[in-house]
Amino acid sequence: MKKNRTLIIALALIGILSIYDLSLGLQSITSATSQFITMLKIVPPIFLLIGLLDVWVPRETMIKIMGEKSGIVGILIAFVFGTLAAGPLVGAFPLAMVMLKKGARYANVLFFLMIWASAKLPILFYQVTTLGLKFTVVSNITLIIVYLIGSFAVEKLFTKDEMIEIYDRAKEYSK
Amino acid sequence: MDISSLIMYVLAIILLIISFIKDRSKTKKAIKKGWMAFKKIVPVLVPLFLIVGIVLTVVTPDMIGSLLGEQSGFIGVLIGLVTGSIAFMPPFVTYPLGVELLDKGAGYPQVAALVTTLMAVGLVYWSAETKFFGTKSTILRNGLAFIASITVALVIWGVM
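So the protein sequences, as listed, match chains A and B. Just so you know, our numbering puts 2 at position 2 of the first sequence, and the rest follows in order with no gaps. Take the position in the second sequence, starting the count at 1, then add 175; the result is the number in our numbering.
These aren't lab readings, by the way, just hints derived from the structure by calculation. Just so you know, even glycine gets a beta-carbon here, dropped at the ideal spot from N, CA and C. Please note that a few of the clues may not be correct.
Unchecked claim - Coverage of chain A stretches by chain B, computed from C-beta distances (three or more under 8 Å per stretch; other residues unrestricted): (1) 58-64; (2) 134-140.
Said to hold, decoys possible - To give an idea of the interface, some chain B residues facing chain A are shown, with a C-beta separation under 8 Å as derived from the structure: (3) D177; (4) A205; (5) I226.
Make a model of the complete structure from these sequences and hints.
Here it is in structure tokens:
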């Protein structure tokens with residue numbers, strides 16, 4: 001039951017919306033479907049890359065490039081992975097799980113997720129053409145600095161056991 | 176399809192071919208693993224997109240415009256932060272909306288608050304994110320994104 005809680009809540013909300021105004025209910029289903037289809041067009045290469053990463057990159061390599069002692073290299077790789085990405089943030093979650101499973105440092109993975117959410121290259125170009133160069137440069141430099149400091153600060157807020165639990169989840173996700 | 180998705184497709188196909196030439200059985204395993212990862216995300220995605228659909232229907236760009244349009248000042252920044260955190264919008268809708276809001280008289284800090292939270296604070300992703308990383312990690316990631324958005328709004332306020 002708990003597993004489907006969100007589904008039940010979503011369906012109930014659509015039900016309420018439909019009672020209030022049937023066309024709104026239908027509209028929410030239509031827009032959900034079209035978002036889902038857009039997503040399906042974007043994700044196949046992401047999952048292909050996840051599979052290839054899992055099979056071809058040995059754990060030792062991932063630990064070396066993104067692990068505990070990877071330092072500035074780990075941060076740069078997280079940054080490059082994040083900026084080159086395409087698709088919504090939810091597509092980054094499974095990729096982050098495989099990184100964690102292979103021994104990447106949590107702070108680096110978190111930084112990768114934040115960059116994926118805000119500073120993907122195609123999105124940045126689009127931001128320049130709409131909101132202007134100054135706005136784009138100022139806002140993204142600020143974001144990158146806060147995300148970088150924040151990722152390492154957030155990591156410190158976890159106890160050792162909680163960290164182990166996150167890594168166990170990652171192993172469980174992709175066996 | 177936009178250029179970034181196209182690049183991802185090309186990259187994935189090239190790597191797949193290289194992988195296939197080097198080791199067939201490993202490639203088969205990779206495809207299987209990718210498929211398994213996808214299969215695990217689908218049950219999470221269906222409710223997620225229903226929520227997205229509801230949010231897109233209820234919270235329209237017009238509504239956000241009327242909330243932020245003529246407003247300015249600190250309250251406007253707060254409204255931007257809160258709406259951006261709750262709402263969901265693809266970036267190709269978000270930025271033109273930002274431009275429209277600027278035309279309607281909203282300031283850059285208010286628009287910054289809205290667009291940065293729309294990108295990085297994902298309350299619609301809540302159930303998916305907690306399933307992957309757990310509750311604490313989800314709260315902290317969204318908290319970090321929120322703090323970053325406040326910082327951006329303040330910096331933009333200072334320099335623009």
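Cross-check of the supplied hints:
Remark: the region 58-64 of chain A is not confirmed as covered by chain B, as 0 of its residues place a Cβ nearer than 8 Å to a Cβ of that chain, below the required three. Counting residues of the region 134-140 of chain A whose beta-carbon sits less than 8 Å from any beta-carbon of chain B gives 4, enough to reach three: the coverage restraint holds. Taking 8 Å as the C-beta contact cut-off toward chain A, the hint placing D177(B) at the interface holds, the least distance being around 6 Å. Annotation: interface hint on A205(B) holds; nearest CB of chain A at approximately 4 Å, less than 8 Å.
The closest approach between the C-beta of I226(B) and any C-beta of chain A is roughly 5 Å, which is under the 8 Å cut-off, so the hint is satisfied.
Checked against the numbered hints given earlier, the structure breaks only hint 1 and satisfies all the rest.
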